[in-house]
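Enquirer: In order, the protein sequence lines correspond to chains V and Z. 1 is the number of the first residue of the first sequence in my numbering; add one for each residue after it. 1 is the number of the first residue of the second sequence in my numbering; add one for each residue after it.
One or more hints might be untrue.
Quick list of in silico lysine-lysine cross-link-like pairs, DSBU-like style, CA-CA up to 35 Å [what the hints assert, rightly or not]:
id	chain 1	residue 1	chain 2	residue 2
1	Z	386	V	58
2	V	163	Z	491
3	Z	299	V	4
4	V	39	Z	299
5	V	29	Z	260
6	V	194	Z	386
7	Z	491	Z	396
8	Z	561	Z	534
9	V	4	Z	177
10	Z	300	V	191
Derived from the structure by calculation, the hints contain no laboratory data. Just so you know, these numbers come straight off a predicted model, no measurement behind them.
Chain by chain, the residues:
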Amino acid sequence: MYGKGIWEGLKVTLKHFIMSYVDDFRFGKKRYYNEEGIKHRSSAQTEGIFTVQYPEEKLITPEEFRFIPFLIYEEGEDGTQQDRCTSCGICAKVCPPQCIWIVQTNDPETGRPIPEPQEFFIDVDICMNCGLCAEYCPFDAIKMDHDFELSVYNRHENNIFNKARLDKPVSYYANIRPRNYEAEEAIRREKEAKKAARRSG
Amino acid sequence: MTDQTLEVTDQILARFPDFVVADTRKSFEGYIVQVENLIEFATALRDEMGYDYLSSVTGVDYLPNEQMEVVYHAYRSTGGGALVFKVQVPRDNPVVPSLVSLYPGADFQEREAWDLLGIRFEGHPNLKRILMWEGFAGHPLRKDWREAYYEEDGKPFGSRWPGGQVYRVEDKNPFGKNVDYPAGFAPETWIPEAEAAVYAGVGKVEHPNGDGLDTEEIVVNLGPQHPSTHGVFRVVVRLDGETITALEPVMGYLHRNHEKIGERNTYLMNFPFTDRLDYLSSMSNNWGYAMAVEKLMGKKANPPERAEYIRVIMAELTRICNHLWAIGFLLNDLGAFFTPSLYAIKERELILDLFEATAGSRMMCNYFRFGGVVRDFPPGVLDEIKKLVYDRLPRKINELDVYLTNNEIVRSRCEDVGVLTPEDAIAYSACGPVLRASGVPYDVRRADPYGIYERFDFDVAVRYHGDVYDRYLIRLDEIRESLKILQQAVKDIPEGDIIAGRPAYQVRVPEGEAYGRVEGPKGELGFYVVSNGKPQPWRYHIRAPSFINLTAMEKMCLGQKVADVVVVLGSIDIVLGETDR
């Protein structure tokens with residue numbers, strides 16, 4: 001019968017329409033504007049509405065999500081900031097679009113480089129968010145951020161990030177990437193324990 | 001396969017003792033053919049030895065030897081390894097006979113080699129620039145050609161570290177000063193020759209049935225700004241009434257000379273750039289590139305077992321994503337405004353969530369490394385994949401099938417439209433779903449297996465009509481086969497390492513050449529890499545399936561109505577990031 005195929009198809013759209021209400025009903029709780037609801041709406045069980053009302057609602061970013069690097073500093077108890085970066089330059093060497101510029105600090109007396117950056121620039125217009133810098137940094141000093149809302153009115157004035165703009169405390173990192181942070185800390189503790197054992201033994 | 005290759009070697013060298021020699025450079029393969037005898041050689045290859053599928057044609061500029069080399073990769077459409085042959089010509093006057101008459105699939109690729117390397121193909125019916133425009137000075141892939149933003153021959157650039165002097169490229173090289181014109185070229189008064197040739201067809205012609213009506217053929221531009229060209233892509237068609245009498249795809253609007261960038265980059269840096277070729281299926285692109293370089297690196301870059309499984313899982317999920325997208329947007333092209341595509345995209349979205357959780361990005365995954373992958377699945381991801389491949393996706397694919405396949409409008413718009421015969425499909429070097437929908441069961445995963453595909457039980461989907469409808473159906477079939485592979489892979493995946501050796505940002509790639517090809521969602525995706533032992537590849541070429549599948553587009557469209565161009569294009573499934581590179 002001509003038109004049967006179209007009718008079968010329309011039944012599918014009708015089912016989608018009805019299921020979006022049934023799914024709300026089945027969930028039992030408020031399914032919008034809360035984290036639990038968003039999670040359910042983007043899970044494999046969902047039948048109903050997928051969309052998220054940005055910016056009122058935001059998708060939950062997974063831990064590995066990467067966007068624009070930042071630099072980590074350790075906070076001392078007295079409020080001092082200690083950069084993890086030693087300006088070794090591996091991130092600048094590995095960066096595919098070459099958007100990282102590092103100025104090494106030189107000792108004013110001897111003229112020899114000392115392991116901390118004097119300046120650190122990232123041109124975020126050029127950065128392609130590949131994450132290679134964070135992947136190959138031997139000091140866990142540069143990591144990829146989760147903050148993706150970076151629109152500005154004037155990119156020429158705002159979009160070359162300097163060190164002050166890039167610096168973030170280690171607690172921020174521990175907050176956005178708890179699993180990675182824990183793993184790295186565990187390795188560090190192990191290394192230190194070994195070192196201590198060697199020294200005493 | 002080795003026996004077969006040996007046999008062929010003896011056969012070829014015995015058959016052509018005068019003008020064919022084996023390529024004896026270290027880690028190079030294939031034969032070097034005298035340029036005068038290329039046609040004779042290729043004819044024998046095609047007609048006597050069954051190498052009927054010319055996969056890739058490209059050039060290499062060997063500047064230190066003052067030589068240009070054209071590299072051909074031919075295959076048997078029944079399966080097996082490559083037969084590589086090369087011709088060498090002097091660099092100051094590179095002229096090579098064109099193989100278009102033997103292998104029509106060489107058409108666009110020879111034009112590309114002319115455009116980017118300046119190798120002239122004698123006898124080519126339409127040898128003009130394809131990716132660059134006519135007012136462009138020079139041939140950019142030549143090693144002595146320098147771009148406007150030139151800094152150094154290879155990255156990393158010295159100005160970045162240790163005394164980083166930050167600057168903005170557009171300040172150094174402002175708009176208007178970043179273009180060179182050929183000598184004597186005036187952009188203001190220039191009338192494009194190529195355009196003139198296209199439009200020369202416009203004119204009064206006698207109507208064939210001689211009824212005295214004053215009719216003429218007209219030329220219509222579809223694109224470059226057209227929602228159904230899936231990007232910035234132009235199709236020039238000549239019409240008799242509504243019937244297409246000639247068609248020419250015009251591309252290059254998104255050209256960024258990916259290959260030149262690739263030759264400035266170090267090996268590792270190319271991974272994120274390959275993501276941006278076919279930006280719907282970055283995982284497959286990563287794999288093709290990783291494979292080519294791993295071939296050069298040899299045994300130490302063999303991925304561990306778990307990494308092999310992860311690669312298969314990711315590549316097959318990518319295939320599902322891509323085919324869902326292709327089906328959805330084919331329906332959009334047919335005029336079913338966004339309901340089918342949104343149903344398809346919904347499922348794709350769930351897969352992208354898993355990519356994001358694992359690789360860190362939804363589309364620009366940058367997930368493969370030489371000898372493995374970046375990181376293991378985070379906790380919970382594998383379970384989510386299981387839920388998808390065992391339960392949700394099979395259900396949803398069936399739903400899509402019910403929804404669309406028997407729809408009378410879809411059938412009447414798609415059946416017997418844009419037919420490509422199997423002979424033509426092979427001759428035009430069509431690949432992927434386009435080739436298999438024409439009744440040629442050729443799938444690199446089976447024809448020339450890579451990774452661990454030999455372990456999985458799956459069928460090569462094939463359909464026999466070669467029309468748009470079959471190209472739609474075969475994508476559904478392939479999703480089902482991919483699900484079959486995935487179900488086996490997630491069940492069998494072992495624990496273990498995910499990368500061979502320690503991750504290193506500097507990789508040593510020994511001298512030599514390698515061609516890695518994978519069955520990407522759009523077809524055979526090949527990476528041809530030549531290394532001279534430096535940190536950057538000497539030559540980095542991509543055999544892009546979307547680009548080469550367009551060669552057959554005129555064949556599919558001739559005699560069809562103009563409204564079908566959009567549908568045929570949708571059924572080829574191109575991505576401009578890859579077509580234009």
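Enquirer: Determine for every hint whether it applies to the structure shown.
Expert: Each hint tested on the structure:
Between the alpha carbons of residue 386 of chain Z and residue 58 of chain V the distance comes to roughly 26 Å, so the proposed pair stays at or under 35 Å and holds. Of the supplied pair hints, the one linking residue 163 of chain V and residue 491 of chain Z is violated, its CA atoms being roughly 47 Å apart against a limit of 35 Å. Among the hinted pairs, residue 299 of chain Z with residue 4 of chain V is inconsistent with the structure: their alpha-carbon atoms are about 58 Å apart, more than 35 Å. At most 35 Å may separate the alpha-carbon atoms for a hinted pair to count; residue 39 of chain V and residue 299 of chain Z exceed this at roughly 43 Å.
Note on residue 29 of chain V and residue 260 of chain Z: the hinted pairing is violated, with a Cα-Cα distance of about 55 Å set against a maximum of 35 Å. The hinted pair formed by residue 194 of chain V and residue 386 of chain Z fails the criterion: a straight-line CA distance of about 40 Å is larger than 35 Å. For the given pair, residue 491 of chain Z sits about 21 Å from residue 396 of chain Z by alpha-carbon distance, which is consistent with the 35 Å threshold. For the suggested pair residue 561 of chain Z and residue 534 of chain Z, the alpha carbons sit about 53 Å apart, so the restraint of at most 35 Å is broken.
Distance check on the hinted pair: residue 4 of chain V and residue 177 of chain Z sit about 62 Å apart at the alpha-carbon level, beyond 35 Å; violated. Pair hint residue 300 of chain Z plus residue 191 of chain V holds up; C-alpha atoms about 28 Å apart against a cutoff of 35 Å.
Violated hints for the displayed structure, listed by number in ascending order: 2, 3, 4, 5, 6, 8, 9.
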